[in-house]
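J.: Residue numbers (UniProt numbering), protein chains in the order written: chain S, 1 to 773; chain F, 1 to 773.
It cannot be assumed that every hint is accurate.
A pair counts as met if it fits within one copy or between any two copies, since identical chains are not told apart.
Unchecked claim - Cross-link-like lysine-lysine pairs, in silico, DSSO-like; alpha carbons within 30 Å at most:
| id | residue 1 | residue 2 |
| --- | --- | --- |
| 1 | K653 | K729 |
| 2 | K2 | K71 |
| 3 | K278 | K204 |
| 4 | K587 | K207 |
| 5 | K587 | K396 |
| 6 | K127 | K249 |
| 7 | K587 | K541 |
If you're looking for bench data, these hints aren't it; they were derived computationally from the structure.
Letter by letter, the chains look like this.
There are 2 protein chains.
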Amino acid sequence: MKQYLEVNEWSIVENGFHREHNKISESVFSLGNGRFGQRANFEEDFTGETMLGNYIAGVYYPDKTRVGWWKNGYPEYFAKVLNATNWIGIKIEIEGENFDLEHCEVSNFRRELNMREGFLARSFNAKLKNGKEVKVSTLRFCSIVNDDLGAIRYAITPINFSGTVKFTPYLDGDIKNQDANYDEKFWEQISKETGEGNAYITLKTKKTGFEVCTGMHFHLTQNSIPVNASIQPIEREKFVANEVVVNGKQNEETVLYKYAANVSSLNYSSTDLVSACKKAIAVAVEKGFDQLLKEQADAWVAKWDESDIVIEGDAAAQQGIRFNIFQLNQTYTGEDERLNIGPKGFTGEKYGGSTYWDTEAYCVPFYLATADQRVARNLLLYRYKQLDRAIENAEKLGFKDGAALYPMVTMNGEECHNEWEITFEEIHRNGAIAYAIYDYIRYTGDEAYLAEAGAEVLTGIARFWSQRVNWSEARHKYVMLGVTGPNEYENNVNNNWYTNYIASWCMEYASYALKYVSEHAPDTYNALISKINFTPKEAEKWEHIIDNMYFPEDKELGVFLQQDGYMDKEQILVQDLPASDRPLNQKWSWDRILRSCFIKQADVLQGLFFFEDRFDTETLRRNFDFYEPRTVHESSLSPCVHAILAAKLGDEKRAYEFYLRTSRLDLDDYNNDTEDGCHTTSMAGTWMAVVQGFGGMRVKDGQMYFAPFIPGKWASFSFKVGFRGALLKIKAHKAGVTIQNQSDKAVTLFVYGQEYTVAAGSEVEVKKTEVHA
Amino acid sequence: MKQYLEVNEWSIVENGFHREHNKISESVFSLGNGRFGQRANFEEDFTGETMLGNYIAGVYYPDKTRVGWWKNGYPEYFAKVLNATNWIGIKIEIEGENFDLEHCEVSNFRRELNMREGFLARSFNAKLKNGKEVKVSTLRFCSIVNDDLGAIRYAITPINFSGTVKFTPYLDGDIKNQDANYDEKFWEQISKETGEGNAYITLKTKKTGFEVCTGMHFHLTQNSIPVNASIQPIEREKFVANEVVVNGKQNEETVLYKYAANVSSLNYSSTDLVSACKKAIAVAVEKGFDQLLKEQADAWVAKWDESDIVIEGDAAAQQGIRFNIFQLNQTYTGEDERLNIGPKGFTGEKYGGSTYWDTEAYCVPFYLATADQRVARNLLLYRYKQLDRAIENAEKLGFKDGAALYPMVTMNGEECHNEWEITFEEIHRNGAIAYAIYDYIRYTGDEAYLAEAGAEVLTGIARFWSQRVNWSEARHKYVMLGVTGPNEYENNVNNNWYTNYIASWCMEYASYALKYVSEHAPDTYNALISKINFTPKEAEKWEHIIDNMYFPEDKELGVFLQQDGYMDKEQILVQDLPASDRPLNQKWSWDRILRSCFIKQADVLQGLFFFEDRFDTETLRRNFDFYEPRTVHESSLSPCVHAILAAKLGDEKRAYEFYLRTSRLDLDDYNNDTEDGCHTTSMAGTWMAVVQGFGGMRVKDGQMYFAPFIPGKWASFSFKVGFRGALLKIKAHKAGVTIQNQSDKAVTLFVYGQEYTVAAGSEVEVKKTEVHA
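Start from the sequences and build out the full structure, keeping to the hints where you can.
T.: Here is the structure:
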């Protein structure tokens, strides 16, 4: 855990240059706009600790799988997000010395990620080896208004001299992924051109053939007056630049404005790529830096207006939750249903692929409540469009007749992951994908989605489960053998309760979906069943499985068993583990972890969280009380679920403790791995912990329920949710809850179990004493 | 399955050049002498399908581990057998054209591995592209008399011309392993020297620092008269050679004799290496080729006299079993307790490391019966010397207080393997290592071994098991969670019957061993318990575990269960599998294999084989009848165990069927993988199938038991076993059994349950009708 960043409600601030943490800062101060994203690398050269990263959504490379021992069924490739052309680079030479903070004395260093307005600023004084001192101040952003564009203002002021400053703004495509299985470069050069003040370079990914054109334009000012200096174009393999030398005067600021655009063949035809890039650059030049920045700030303010959570009385918590919301909004905007949310967003290469079950289980609820319903819908359609691949994926493993197994990790629908115990066995992901459809419809009421896409996806998933179980003669039940549950600290187990439960539920929901479509859209239904060769016999088989599914439980303890044999383990509690043994995944050998009773992340409890309405509170409590003390939360996706359940069970203290574990996970580098990138998808879990946990928000039968409490030392907290055309602001404070309806539509909802109608534009105050025991 | 090799009782013969199978032939025709071994690569250049291989026992390289996903506890390196300096090479140019069979018309090709006398011969006619035709005949061997030496006779006769033949006998150390994780070369050059007619090169392995000096001497004759030609020394990096041009006359044979020596720093000090190599070469030169060859033939004939199995009436079976015995004797001589038996012997790189549990479970019985007891003893001492490493290995996984876990794969005692489900979980290997001590003492009567080394190893192993089990409150039994049994088609299972059983037995035997030492060698005992901090409390704990160990069984079926949950699987039999699904490990995805009921190799049955005296015949039969139909035998180590059990149960037909699966495994390339090397260790299983299966040989209470039957179409079979100073030849024929005592010591033994005394040098004839039902 590190706490070198300043607490500030709207910004992330580094005061003083923490070289040793620079890669952490590069992750935390990352910028993105849903279309591309950039780690907080320096514009000028830096030979210290750094990991370059510019990532373009949807552009990936299928890196040949590397394994120790090949198992049948492994994917040939791991599609991974690519480090793309470096567009921020500005090489600087001061009086003949290359400017590199690694070799400077640095003072007054300040780096700020302004979340409210969506930009990254940096300022410092530096003394070079040649004794020259400069003051530098930079500001950059990835525009969310023109999402091809990035812009940089780079200002440098000589302090103790007047002399030459050589600027070389460049675009460098000769880059590598740190995460390359065979140490190869993934890009080939297609074309380049370099003019005076601008340059363009087009690269193409090997194998996948994505083309990306990156362009730049720059201009210089001194005392706000354009500098007229001669520009020298420079070209190398995969590299274009302009070189310009100016005379810097003592105490006078020279400013370089650099506009860059990244356009890809995902959005433009290959032949139009360069012209599209030029067009984007032209827009930037026309608007100019200040205008672009103003638009950026306005757009971010508007985004906050939809999705902000305000916490009064706890600035660290405030900063934490805003950072999470900021990162989520930077990563995925929902504009493009081909895109998805990588576990690291645009902040690093790790987990190379894009899409995990994180999206469905954690991110969908966030976007449902804080963005237009189209956004969550696009996340659903992403899977719908990959259904054929999921069917192929299942076929590779021996399933048939339209059974669909969605991949554990994917960029294009194909499986990328290659650990058998995950790839082949962590199949519960299929359940989360079905659950997201349910969750979406429950929240939006958009039942039509079933006919459009949902029922087809659900059928493929139900078919998979119906083939994946087998009849056990010994038990006279259906069993599911050889799975890995959400708790990855168990592998290849039999009858994981969560997986069995969600499998059974999927078959139930698929049956419902098909029935719904048959009743409400008979033509679509007929077309569908003919397309997918569905016969009612299948649904009968599903029903037989649902009726005869085996669910392990310990009747004496009154708990569901995580899997067969769980009670054979030595039952030790986390509180009895020596601190020196934690985290287990770094301190214990894998076999020791596997045979211990310790749980990495919510498993049975994940199921109870998803399906809480199907269980009485005492069942929830017994299971929570049993599993919580055995859970080590070594996944960032775990504490939020525990927080929500604890809140539901009235255990406000523990709910708050679990929340604290996630909200500042990256800001405080809690797991000592933020240098690889931020834990983007689990940030949505943090949001859920506030809204569903502390806010008690639920949707049942098309209506909103709230039951807030104030955690810890907070004075109040408030959040906004959109719900079926209404926009609600819920503010919980010591005395009660204020529900403000900021839309033009009356809403009926329940607070602490009691029904209220909030007229358009008005608010309702619920006093805590009125209803809360 | 391929059948391009001729059936011949004493030789392996390839008639006609089967280019497409050349890598298979290179494996099958391999030579070795326990100290080094050489694939059947050609002496002259060959650009066709080939895998070069010269391997020096005990010389290895720790190749940095390559994994897809790192798990805590994985070893850093995989110690692998090295391809060493090519000592056989003789580059030949005929009238200016490089001689390369890939570019010749080849006729009358014949390759013979003469197993009786231990040499490889090759003859053929070849027409080069330049139209020149030559007749070539070569013979080479790795001397088992002077085990540093190899010798080659290379004869070439111009057929349709007289002209220049340039010979370049060389030593090439610039070689690679095919199996290199990061494509690096493992050797560095230390020194070289080249004279006229000789050359020496010393290389050193990176990291491990083994040095190997390879030397050569050659001379030429024409019509048996030494050729006087000028010799040109040649040197390159890691390469030394001599070049000599002779005038070849039509129809006159030019013969090049090449002697080579491989000496390593395992056996000589680094400074003496070159002189030791020169000395070895000098011995060869002094003896001359014919004398060396004669000594080789005599030594092999003597080896056969100890270990041959003669089968009358089935030449293919005869060839098969001799090939197996030949390979085993080529691979391991038992001279050096630092060496062991790699699964591929000296025939390939695969399974890189040297030592698996194959040694203890399969090879020890072979060497016990066919070689001096010192040989099996050395195999035991190999593990004793690695006990400290086994303790370290266990510590890495979290065990303590002297618990020892021997590695799954090792060269020097350190674990090499890196699949968690094998490395960390296939721990039954520890049991086989203990069992081999028991087996050795049972056979030899050498109880003193317990005091010398056995008790200490057994204690380390027992300590491991006692920590590896845990008390299950749910069952009120000790359980063993998260293991992989011998059947690797199940991973991370609970309570594998075999593992639980052998673990319990190990603790029992360790207790016995300590008690034995305390009674028979009290001083040794006191020193030992002080050295290893043993207290009687430990043995009490072991006893408690033994008394309360959980063994899964299905009482209704009367069978032991391979593991918890086995009966939840869909119970299909192998006979119901479509042929197109076999072998499962190539046709099914890994998860499908794991959750099926199909068994790769004997598991419960392996335990019943080891401990048959502890179970009644009906129990053996029920388990055999249950598991055999579920076993796919996709390990070469499986059918022999089934053969022995089938024989014991009187199922002679099936015993013979299982035998057939292994005896010609490599000769017929049954598993389509012989090109990687031969299945050397499973060859010992084939020997067991004959001697323990068809011969019914057992040792109980210090006495030999036999109960032979004649399998299949055989007229008779005979084998020899040494037993406590006696040498017995057992010949089973239609009418009965002849037991010949070829030693000078009377032996009392049991045939078909009846006791006989066979006087020194005499024989006893047991008529089958007398006793056999």
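J.: Take the hints in turn and mark each one as holding or not.
T.: Hint by hint, here is what the structure shows:
no. : hint          : verdict
1   : K653 <-> K729 : within (24 Å within a copy, 82 Å between copies)
2   : K2 <-> K71    : between (40 Å within a copy, 26 Å between copies)
3   : K278 <-> K204 : within (18 Å within a copy, 59 Å between copies)
4   : K587 <-> K207 : between (39 Å within a copy, 28 Å between copies)
5   : K587 <-> K396 : between (36 Å within a copy, 10 Å between copies)
6   : K127 <-> K249 : within (16 Å within a copy, 84 Å between copies)
7   : K587 <-> K541 : between (46 Å within a copy, 28 Å between copies)
In terms of the numbered hints stated before, the structure departs from none.
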